[in-house]
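Protein chains in written order, with our numbering: chain A, 1 to 486; chain E, 1 to 472; chain Y, 1 to 94.
Quick caveat, the hints were computed from the structure, so don't treat them as lab data. Mixed in with the good hints, there may be bad ones.
SDA-like, lysine to any residue: derived pairs with alpha carbons at most 20 Å apart [as the list claims (entries may be wrong)]:
{"#": "1", "chain 1": "Y", "residue 1": "Lys32", "chain 2": "A", "residue 2": "Met435"}
{"#": "2", "chain 1": "A", "residue 1": "Lys314", "chain 2": "Y", "residue 2": "Asp45"}
{"#": "3", "chain 1": "A", "residue 1": "Lys360", "chain 2": "Y", "residue 2": "Asp21"}
{"#": "4", "chain 1": "Y", "residue 1": "Lys26", "chain 2": "A", "residue 2": "Leu431"}
{"#": "5", "chain 1": "E", "residue 1": "Lys71", "chain 2": "E", "residue 2": "Arg120"}
{"#": "6", "chain 1": "E", "residue 1": "Lys302", "chain 2": "E", "residue 2": "Arg290"}
{"#": "7", "chain 1": "Y", "residue 1": "Lys9", "chain 2": "A", "residue 2": "Met378"}
{"#": "8", "chain 1": "Y", "residue 1": "Lys83", "chain 2": "E", "residue 2": "Pro134"}
{"#": "9", "chain 1": "Y", "residue 1": "Lys26", "chain 2": "A", "residue 2": "Glu365"}
{"#": "10", "chain 1": "A", "residue 1": "Lys356", "chain 2": "Y", "residue 2": "Val14"}
{"#": "11", "chain 1": "E", "residue 1": "Lys139", "chain 2": "Y", "residue 2": "Glu84"}
{"#": "12", "chain 1": "A", "residue 1": "Lys245", "chain 2": "Y", "residue 2": "Lys69"}
{"#": "13", "chain 1": "A", "residue 1": "Lys367", "chain 2": "Y", "residue 2": "Asn13"}
{"#": "14", "chain 1": "A", "residue 1": "Lys314", "chain 2": "Y", "residue 2": "Ser47"}
{"#": "15", "chain 1": "Y", "residue 1": "Lys5", "chain 2": "Y", "residue 2": "Ser22"}
{"#": "16", "chain 1": "A", "residue 1": "Lys367", "chain 2": "Y", "residue 2": "Ser22"}
{"#": "17", "chain 1": "A", "residue 1": "Lys246", "chain 2": "E", "residue 2": "Lys58"}
{"#": "18", "chain 1": "Y", "residue 1": "Lys26", "chain 2": "A", "residue 2": "Thr433"}
{"#": "19", "chain 1": "E", "residue 1": "Lys239", "chain 2": "E", "residue 2": "Leu257"}
{"#": "20", "chain 1": "Y", "residue 1": "Lys9", "chain 2": "A", "residue 2": "Arg382"}
{"#": "21", "chain 1": "A", "residue 1": "Lys421", "chain 2": "A", "residue 2": "Lys459"}
{"#": "22", "chain 1": "A", "residue 1": "Lys427", "chain 2": "Y", "residue 2": "Lys26"}
{"#": "23", "chain 1": "E", "residue 1": "Lys419", "chain 2": "E", "residue 2": "Gly409"}
{"#": "24", "chain 1": "E", "residue 1": "Lys315", "chain 2": "E", "residue 2": "Thr357"}
{"#": "25", "chain 1": "A", "residue 1": "Lys367", "chain 2": "Y", "residue 2": "Asp21"}
{"#": "26", "chain 1": "E", "residue 1": "Lys366", "chain 2": "E", "residue 2": "Lys395"}
{"#": "27", "chain 1": "E", "residue 1": "Lys400", "chain 2": "E", "residue 2": "Asp335"}
{"#": "28", "chain 1": "Y", "residue 1": "Lys66", "chain 2": "E", "residue 2": "Gln32"}
{"#": "29", "chain 1": "Y", "residue 1": "Lys5", "chain 2": "Y", "residue 2": "Glu36"}
{"#": "30", "chain 1": "A", "residue 1": "Lys356", "chain 2": "Y", "residue 2": "Lys9"}
{"#": "31", "chain 1": "E", "residue 1": "Lys57", "chain 2": "Y", "residue 2": "Gly68"}
{"#": "32", "chain 1": "Y", "residue 1": "Lys83", "chain 2": "E", "residue 2": "Tyr142"}
{"#": "33", "chain 1": "Y", "residue 1": "Lys26", "chain 2": "Y", "residue 2": "His10"}
{"#": "34", "chain 1": "Y", "residue 1": "Lys81", "chain 2": "E", "residue 2": "Leu131"}
{"#": "35", "chain 1": "A", "residue 1": "Lys246", "chain 2": "Y", "residue 2": "Lys69"}
{"#": "36", "chain 1": "A", "residue 1": "Lys246", "chain 2": "E", "residue 2": "Leu22"}
{"#": "37", "chain 1": "A", "residue 1": "Lys50", "chain 2": "A", "residue 2": "Phe422"}
{"#": "38", "chain 1": "E", "residue 1": "Lys468", "chain 2": "E", "residue 2": "Asp434"}
{"#": "39", "chain 1": "A", "residue 1": "Lys345", "chain 2": "E", "residue 2": "Ser140"}
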Amino acid sequence: MAISKGRRLFKADVGFKMNTLSFVQQVKKKEIDIVEHISKTIDELKKINKAYHYFNIISEEGALAQARELRKNPKGKLAGIAVSVKDSICVKGIESTAGSRILKGYRPLFDATAVEQAKKEGAIIVGKTSQDEFGFGGFSVNVGLDYEIPNNPFDASRSCGGSSGGAAGITQKITIPHIAFGESTGGSIACPASFCGVFGLCPTYGRVSRYGLIDFGNSLDKIGTLGKTAEDAALLLNVISGYDKKDSTSLNVPVDDYLSYAGKSIKGMKIGVVKEAFGSALDKGVEKHVRQGISNLESEGARCEDVSLPLSVKYGIPTYYLIGTSEASTNLAKLCGMRYGISEKLEGNFNEYFSKVRSKHFGEEAKRRIILGTFARMVGYRDAFYLKALKVRTRITEEYQKAFRKYDALVSPTVPILPPKFSEIEKLSLLQTYMMDQLLVGPNLAGLPHLNVPVGFEKGLPVGMLLIGNHLQEGKLIQLGSKVEK
Amino acid sequence: MRIEHKSDVVIGLEIHIQANTLTKLFCSCPTQGSEEPNTRTCEVCLGMPGSKPVLNKKAVESALKLCLALKCSINPELIFSRKSYFYPDMAKNYQISQYEIPMAKDGKLKLAAGKEIRLRRVHLEEDPAALVHPGHIQKSPYVLVDYNRSGNPLIEVVTEPDMESPEEARDFMKQLITVLEYLEIFDSNTCIIKADANVSIKESSYVRAEVKNITGFKEIERALNYEVERQRQAVSEGKKLKQETLAWDSEKGATFLLRAKETEEDYGYIVDPDLTAVDLTNEWVSELRRNLPELAADKVQKFITKHNIPEEDAKIIAAEKELAELFELVAEDIDPALAAKWLRRELMRVLNYNKKTFSEVSMDEKHMIDLLKLVESKTITEKVAQRLLEKLVEKPFDVKEYVKKEKLGAVSDEKEIEKFCREAVKENPKAVEDYRKGEEKALNFIVGKVMQKTRGKATPKEVNEILKRMIK
Amino acid sequence: MEIDKELLKHVANVARLKLTDSELNKFLPQLKEVMEAFSRLEDVDTSKTVSSIQPVALRNVMREDKPGKCLGQEDALSQTKLKENGYFKGPKIV
Chain A
1 MAISKGRRLF KADVGFKMNT LSFVQQVKKK EIDIVEHISK TIDELKKINK AYHYFNIISE
61 EGALAQAREL RKNPKGKLAG IAVSVKDSIC VKGIESTAGS RILKGYRPLF DATAVEQAKK
121 EGAIIVGKTS QDEFGFGGFS VNVGLDYEIP NNPFDASRSC GGSSGGAAGI TQKITIPHIA
181 FGESTGGSIA CPASFCGVFG LCPTYGRVSR YGLIDFGNSL DKIGTLGKTA EDAALLLNVI
241 SGYDKKDSTS LNVPVDDYLS YAGKSIKGMK IGVVKEAFGS ALDKGVEKHV RQGISNLESE
301 GARCEDVSLP LSVKYGIPTY YLIGTSEAST NLAKLCGMRY GISEKLEGNF NEYFSKVRSK
361 HFGEEAKRRI ILGTFARMVG YRDAFYLKAL KVRTRITEEY QKAFRKYDAL VSPTVPILPP
421 KFSEIEKLSL LQTYMMDQLL VGPNLAGLPH LNVPVGFEKG LPVGMLLIGN HLQEGKLIQL
481 GSKVEK
Chain E
1 MRIEHKSDVV IGLEIHIQAN TLTKLFCSCP TQGSEEPNTR TCEVCLGMPG SKPVLNKKAV
61 ESALKLCLAL KCSINPELIF SRKSYFYPDM AKNYQISQYE IPMAKDGKLK LAAGKEIRLR
121 RVHLEEDPAA LVHPGHIQKS PYVLVDYNRS GNPLIEVVTE PDMESPEEAR DFMKQLITVL
181 EYLEIFDSNT CIIKADANVS IKESSYVRAE VKNITGFKEI ERALNYEVER QRQAVSEGKK
241 LKQETLAWDS EKGATFLLRA KETEEDYGYI VDPDLTAVDL TNEWVSELRR NLPELAADKV
301 QKFITKHNIP EEDAKIIAAE KELAELFELV AEDIDPALAA KWLRRELMRV LNYNKKTFSE
361 VSMDEKHMID LLKLVESKTI TEKVAQRLLE KLVEKPFDVK EYVKKEKLGA VSDEKEIEKF
421 CREAVKENPK AVEDYRKGEE KALNFIVGKV MQKTRGKATP KEVNEILKRM IK
Chain Y
1 MEIDKELLKH VANVARLKLT DSELNKFLPQ LKEVMEAFSR LEDVDTSKTV SSIQPVALRN
61 VMREDKPGKC LGQEDALSQT KLKENGYFKG PKIV
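Okay, chain A solo, but in the shape it has when bound (with noise of 0.2 Å):
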């Protein structure tokens, strides 16, 4: 269907059915006028952005810059579709704060490698999302001092999910082809994507380059995507993976084509259901719809059987506290109102005013995981707490690699309990917080690829279903995740 320049592009039922892939070849082809379409994108964010706070920067210049500039030449795989960015992840003279009041003003003077290389496909960068605090959370409710809390986009008194709320939220909400950068550090892709209704791909430590993320958990931190459906996540992460010599960590491995996964049949694949999932903290209503997602497996031909990871779900969470808090507390440091962000009056000696800034401009969590780190690492306490913790993650790798001689993917629920209300995540204490994460901290510390499916609705709320793969294996999450939406 031609569409010729001048006329009116979206209407509400086009939005949400437009095939990611046929946009793009229509936007190559010059069917669509990116410009517009990008102005109008805009409109439709500021106008999500006033209820829902998914964004800390809506980046109208640059998006329409980077129009004008795709218009002239349209080519490149994500040719024309509007990617939003975690606010972690540096985009060159846009600011990103990583959602923390202490960076305010920092405008990198580099894009993130993996930004850079969606930009040379003809991605169009619309903003940078919301998030907890430097990814301090499950909830995206720890977000900076000044900043706004985003609300889920099925009930505004309710969690996106966190740390990359912002990104899960604006990706349902949205009515345009659009994809997400999101990050995990302990499953801030999996968790709001599942509380959002949205596919959440996080891929194997390393395979995307973390040059130009802004710092959590250095051996834990994944640059992951989020998008409507299996494909556009797929079609993102095909774009930012691959080797990096900047970033020391970055895996020098052949990068799949994760695309050609989607639709390919799943008959004969072995998948481990993982018994501690399903324990009494577990929700009827999550069970219900995981159980179904399941059986939607079963009836493609997998074969699905019950595999227990006692270490995993049992001793993750402290795991993965006690070394990504150590890691933070070292790489929070060098936020001090020196060389960028936030700075206050030159008073005192260097102790005075480090402790004037750091005090006046983290949020509560913050200070807190900064404290717990330094905490874990002192002398005295480093033997029982950080060094024991790295050993234990051994362990737990060491259970899931058992777990992958038998079985192609593993499966379990993406978060214990449907999105919550503000008010109900008040009351809970800070360990019923941490423990949130339970499901998903074994293979964030594994370093393992894991992908969020939704399953349904429940009570109106969408109900998540957790794919891992062994390293490097993303495709079969894809494989398997295009064939569970029925």
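We have chain A already, so just place chains E and Y on it with the hints.
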């Protein structure tokens, strides 16, 4: 671990050597070039959020070479840690360094007098930035920071507290610099070497003070002499010494308190998760060992056995790599004993006078060989040769041409000398009279006159003999 | 596990954080509960386990000693107001 000390003074050193790589330890910024502040920086060495480090292989090799030369035992794996502390010169408020398992340990280095200093460990780490204090360090309202230095590769060498005097500490630094120059991993013209010194005295039951950031081996002796004296003075006044961290103020020539050091600093070490472990394989280390240049100690041995020169001369010549190489080249064409004498005495004298090292002058072995050939063949006298050497050090020239042109050839024609002697005798009758009366000094006076006439081209010995004959 | 207010203050100070009384009172029971729960890690047998730095196999990543592009003084200083004559400004050390 309590160490039982016996000596009057106990000194241990922690030395930081800037390796002469082209780029910094974890980024590709050049280590040399513009001295304008913050012009050799990037997001990595500025610690900008989102940046990540990548290890410089050459820095690892330079450090490994040093470990081999210092006879250390090398760890099979290289692992970096984050040493966390807050300071205005820190780009990340942690320094990428090594903690639990350093690159190497248990090495040794001999002082000139022969005493062996044990080395506890050698490791790699990055340099912080440079601080400028507007006004004076203790009074400035703020600091100015230049990150050109931030991220430079440093090799840290930690000694056991085996030194017993500031002189020994200075000697240690000198020996270490010689090793570094021989390995070509340090260029004293462009790189910096600094030390922190731990020093304690018997009188206080060895309460340690740490003096930080002393630059160069001369300053080490100055700073330590001051500090030992300060400690002795304090004890004699009945004061109780405390474990302290001090800084050395070179201008004032004094140490001053930075902070009291009651407890060990807690650096909260973690392994740096942005970097990978590096295998220091047997193959890699063996290849480096095979390609190590001959070191000073080896050269000294060679000079003694092959060229038959005295040990003292050999040591002095071998102390500077360029000088040792000069000697080896010259000794191919010139009698080694003569070459050794001229290098060790005459050349060193002229260099010291000009406050230069041989590597800083433009003359080369060809000039030296030409000069010494003329000395060997007695074409010129030693006095003339000395003058020519002084000129050569200043600015090199063709020696043979110059001697010809200026007619500096030794006057060895006896008839010519006799002629000058007869003249001098005639012109200085009083001196002749005095000599005949028994005053030996008077003869030297006349010899001097003859030397003037010959413009130094006769040998004093010859003139002396001829005059003696004449004046009888 | 004895975490008291003094220890909490000390750890906060090491991290250059000055907590208000209200923060101290809020954080103390939270962190106590969390660290108590985390100490169950000691139940895991790791006597034969060697830890690794990253969860995937990565070793020997290094680069050649070749100079690359620098930012330039203006760009380097562009992210802050605290600068003077080409230098960054920072708080004094004494």
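Structure-based check of all given hints:
1. Y:Lys32 with A:Met435: 15 Å, holds
2. A:Lys314 with Y:Asp45: Roughly 14 Å separates the two Cα atoms, so the pair holds.
3. A:Lys360 with Y:Asp21: Distance ~14 Å between lysine 360 (chain A) and aspartate 21 (chain Y) Cα, so the pair holds.
4. Y:Lys26 with A:Leu431: 13 Å, holds
5. E:Lys71 with E:Arg120: Holds - the C-alpha atoms of arginine 120 (chain E) and lysine 71 (chain E) are around 11 Å apart, at most 20 Å.
6. E:Lys302 with E:Arg290: Holds, at roughly 18 Å.
7. Y:Lys9 with A:Met378: 14 Å, holds
8. Y:Lys83 with E:Pro134: 13 Å, holds
9. Y:Lys26 with A:Glu365: Holds. Lysine 26 (chain Y) to glutamate 365 (chain A) sits at ~12 Å (cutoff 20 Å).
10. A:Lys356 with Y:Val14: Since the Cα atoms of lysine 356 (chain A) and valine 14 (chain Y) sit roughly 13 Å apart, the hinted pair holds (cutoff 20 Å).
11. E:Lys139 with Y:Glu84: Holds, at about 18 Å.
12. A:Lys245 with Y:Lys69: 15 Å, holds
13. A:Lys367 with Y:Asn13: 11 Å, holds
14. A:Lys314 with Y:Ser47: 19 Å, holds
15. Y:Lys5 with Y:Ser22: Between lysine 5 (chain Y) and serine 22 (chain Y) the Cα gap is close to 12 Å, so the pair holds against 20 Å.
16. A:Lys367 with Y:Ser22: 13 Å, holds
17. A:Lys246 with E:Lys58: Distance of about 17 Å is within 20 Å: holds.
18. Y:Lys26 with A:Thr433: 16 Å, holds
19. E:Lys239 with E:Leu257: 16 Å, holds
20. Y:Lys9 with A:Arg382: Given that 20 Å is the threshold and the Cα spacing comes to 18 Å, the pair holds.
21. A:Lys421 with A:Lys459: Roughly 13 Å between the alpha carbons, so the hint for lysine 421 (chain A) and lysine 459 (chain A) holds.
22. A:Lys427 with Y:Lys26: OK: lysine 427 (chain A) and lysine 26 (chain Y) at ~14 Å, within 20 Å.
23. E:Lys419 with E:Gly409: 17 Å, holds
24. E:Lys315 with E:Thr357: 16 Å, holds
25. A:Lys367 with Y:Asp21: With a Cα-Cα distance of about 14 Å, the restraint between lysine 367 (chain A) and aspartate 21 (chain Y) holds, given a limit of 20 Å.
26. E:Lys366 with E:Lys395: Holds: lysine 366 (chain E) and lysine 395 (chain E) sit about 14 Å apart, inside 20 Å.
27. E:Lys400 with E:Asp335: Distance of about 19 Å is within 20 Å: holds.
28. Y:Lys66 with E:Gln32: Satisfied, since the Cα-Cα distance of roughly 12 Å is no more than 20 Å.
29. Y:Lys5 with Y:Glu36: Judged against 20 Å, a Cα distance of about 16 Å means the pair holds.
30. A:Lys356 with Y:Lys9: Distance of about 15 Å is within 20 Å: holds.
31. E:Lys57 with Y:Gly68: 15 Å, holds
32. Y:Lys83 with E:Tyr142: 11 Å, holds
33. Y:Lys26 with Y:His10: Answer holds: lysine 26 (chain Y) to histidine 10 (chain Y) is near 16 Å, not above 20 Å.
34. Y:Lys81 with E:Leu131: 18 Å, holds
35. A:Lys246 with Y:Lys69: 13 Å, holds
36. A:Lys246 with E:Leu22: 18 Å, holds
37. A:Lys50 with A:Phe422: 18 Å, holds
38. E:Lys468 with E:Asp434: 13 Å, holds
39. A:Lys345 with E:Ser140: 15 Å, holds
Consistency note: the structure conflicts with none of the earlier hints.
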